[in-house]
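Q: Line by line, the protein sequences are chains H and D.
If you want my numbering, it's the 1-based position in the first sequence plus 78.
If you want my numbering, it's the 1-based position in the second sequence plus 141.
One or more hints might be untrue.
Unchecked claim - Just a few of them, taken from the derived set where beta-carbon distance is under 10 Å, the chain H residues facing chain D:
| # | residue |
| --- | --- |
| 1 | S89 |
| 2 | V107 |
| 3 | M143 |
| 4 | A144 |
| 5 | I200 |
| 6 | L232 |
| 7 | W322 |
| 8 | L326 |
| 9 | L329 |
| 10 | A332 |
Said to hold, decoys possible - Computed Cβ-Cβ distance ranges for the label pairs, DEER-style:
| # | chain 1 | residue 1 | chain 2 | residue 2 | range |
| --- | --- | --- | --- | --- | --- |
| 11 | H | A94 | D | A344 | 24 to 32 Å |
| 12 | D | I336 | H | D248 | 26 to 34 Å |
| 13 | D | E345 | H | D248 | 40 to 48 Å |
| 14 | H | T98 | D | E342 | 28 to 36 Å |
| 15 | D | F207 | H | L168 | 38 to 46 Å |
| 16 | D | L292 | H | P271 | 53 to 61 Å |
| 17 | D | L298 | H | Q346 | 38 to 46 Å |
| 18 | H | E132 | D | I336 | 54 to 62 Å |
| 19 | H | I338 | D | L295 | 34 to 42 Å |
| 20 | H | P87 | D | N288 | 48 to 56 Å |
| 21 | D | T172 | H | Q346 | 26 to 34 Å |
| 22 | D | L295 | H | P271 | 57 to 65 Å |
I should point out that these hints are in silico values taken from the structure, not numbers from a laboratory.
All residues carry an ideal CB built from backbone N, CA and C; glycine is no exception.
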Amino acid sequence: MSKAATSLPRSIGAHAVLLTYTVIALFPVLVIVVNSFKSRNAIFRSPLSLPTSETFDLIGYQTVMAQGDFVQYFQNSLTVTVASLFFVLLFGAMAAFALSEYRFKGNTMMGLYLALGIMIPIRLGTVAILQLMVASGLVNTLTALILVYTAQGLPLAVFILSEFMKQVSDDLKNAGRIDGLSEYRIFFRLVLPLVRPAMATVAVFTMIPIWNDLWFPLILAPSEATKTVTLGAQVFIGQFVTNWNAVLAALSLAILPVLILYFFFSRQLIRGITSGAVK
Amino acid sequence: MSQQSLEHSQDRRPTRWHIAVFLAPALLVYTAVMILPLFGTLQLSLFRSIDNSQVFTGFDNFRTLFGDPRWSASFWNALGNNTWFFIIHMLVQNPIGVMLAALLSSPQLRFSAFYRTAIFIPTILSFVIVGFAWKLILSPLWGVAPNLLDLVGLKSLFVPWLGKEEYALTTLSLISVWQFVGIPMMLIYAAMLSIPEEVIEAAECDGVTGFSQFWKIKLPLILPSIGIISILTFVGNFNAFDLIYSAQGALAGPNYSTDILGTFLYRTFFGFQLQTGDPNMGATIASMMFFIILAGVCLYLFLIQTRLRRYQF
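Next up, chain H with everything else stripped away, as it sits in the complex (with noise of 0.2 Å):
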């Protein structure tokens, strides 16, 4: 009784602070890409107002199309970040599956040297991965990112995978043995699609931090031919400070993408993290 007394004012306060906090994380993005559809007197005059017939402009877009190569940095990102994922997934699932399946000297080793990447960042071997990619001649190529991405990706992949394939049960692959299946056999017919949301999981945890990285597209690829989206926004931006029209534009570009993606996969991300990653 005196619950559902109490309930009401509380539900109306959590929901209070609930919703304005959804506006301060929501607005700026709004800001951006609303203004980024108003001409250039309208985003200064009436910077929080919508678009209107009249201050409606796509100029902003037109200049972006025109003098950055953004299709271009689009098919780079796409390309690391895809072929990243793919490596970080195979390789990952592989060892994952190497270390929960099998007994074999050195196992809890092997998982305590994958998992010291969860925790030392990779950039930290910045300066030597930098004369590696010179000496091998990687510099300014898209391998040199699938490759620092892929070493990226694979502990947390690594260690989240192999959680999930200790569930995966014994009597199926040992009737898969009896009836002569091969070890490779086993783990690409019987339990990769078995640990399919898991790896859907680890996906969307890759592809983030690959798709929104700076730091190695500036050191390792920052030629023209190689730019990603990201770091392309970056200079973009850089050279037209006092255009707000395309810097917004720009920006727009930029987000429309990644929340696209996000509104497919939120569901599984927000799984991904509240059922396996935390235990």
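Dock chain D against the given chain H, drawing on the hints supplied.
A: Just chain D, lined up with the frame of chain H:
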């Protein structure tokens, strides 16, 4: 004898090549691109480039970093700023995250999926977007921030926060907090969902509800998650770079007041304006960052986590 027969049986077992095949690709990439460069960087910090050849100089680079007044001033400035950056995160980001999670996890709350999704949005954006977006919003040229303050009658409070030495670092820290509050929120939310219902019910039977329930029952139970968040924040903050670089440039202005270890490393390694890049000093700074992060992680693993274990189910 049993020992002998054990060894014998191990000898007879065929080598299980598939284990090596499964492990090899991950180990190879991870070792070659991550572990070896990490040690390579530590090693480089002990060398000096003289006449285009690397000469072993022991701890000379570290002596320069701490002894030379110019270097040591920059280093301590960056370390101090970085510590402040971290303190703001701990004091603002984590309490807000815990509060939001506590509100979200109440079972009667409606629209909680909407709030969760919306509040997490800044976290998925890149630093470049966040840095520039806030730079524009706080810019005195564009009226957004002054207009907003005007709405609540506080226009006189407006200061170009990013341009003032005394406010810039705090402002940037708060921007970073704005961006990352979703992570502690989600992790704590998950921890709160995993608290067994019997515990909460038992508390309610004893008349412990509302705030005192949060302080006395839930908070002690989510302490391990707060520990994990603290160490994640620590590692993330002491290796931050992107936000400062995109909002303030490599010089981390005004007058180096927002310089943190990441930007200091970048400037030293690549050089900026008149200063030429110096890989060896860069490696020295990276090594210091490595030791700082390692010390933090070890402190967490040996001191905090072992003590928190007790509370876990």
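Q: Each of the hints needs a verdict: does it hold here or not?
A: Going down the list of hints, with the structure as the test:
1. S89: Nearest chain D Cβ about 6 Å off; hint holds.
2. V107: Holds: closest Cβ of chain D sits about 7 Å from V107(H), inside 10 Å.
3. M143: With a minimum Cβ separation of about 19 Å from chain D (threshold 10 Å), the hint on M143(H) is violated.
4. A144: This interface hint is violated because 20 Å lies over the 10 Å limit.
5. I200: Since the shortest Cβ distance to chain D is 5 Å, the answer is holds.
6. L232: It holds, given that the least Cβ distance between L232(H) and chain D is near 5 Å, below 10 Å.
7. W322: holds (7 Å)
8. L326: Check passed: Cβ of L326(H) comes within 7 Å of chain D, closer than 10 Å.
9. L329: holds (6 Å)
10. A332: holds (5 Å)
11. A94(H) <-> A344(D): 24 to 32 Å: holds (25 Å)
12. I336(D) <-> D248(H): 26 to 34 Å: At roughly 31 Å between Cβ atoms, D248(H) and I336(D) fall inside 26 to 34 Å, so the hint holds.
13. E345(D) <-> D248(H): 40 to 48 Å: holds (41 Å)
14. T98(H) <-> E342(D): 28 to 36 Å: holds (31 Å)
15. F207(D) <-> L168(H): 38 to 46 Å: For L168(H) against F207(D), whose Cβ atoms are near 45 Å apart, the range 38 to 46 Å holds.
16. L292(D) <-> P271(H): 53 to 61 Å: Holds - the Cβ-Cβ distance for L292(D) and P271(H), about 55 Å, lies within 53 to 61 Å.
17. L298(D) <-> Q346(H): 38 to 46 Å: holds (42 Å)
18. E132(H) <-> I336(D): 54 to 62 Å: holds (55 Å)
19. I338(H) <-> L295(D): 34 to 42 Å: Since I338(H) and L295(D) have Cβ atoms about 37 Å apart, the given range 34 to 42 Å holds.
20. P87(H) <-> N288(D): 48 to 56 Å: violated (33 Å)
21. T172(D) <-> Q346(H): 26 to 34 Å: The hinted range 26 to 34 Å holds for T172(D) and Q346(H), with Cβ atoms some 31 Å apart.
22. L295(D) <-> P271(H): 57 to 65 Å: Cβ of L295(D) to Cβ of P271(H): about 58 Å, so the range 57 to 65 Å holds.
Hint compliance for this structure: hints 3, 4 and 20 are broken, all remaining hints hold.
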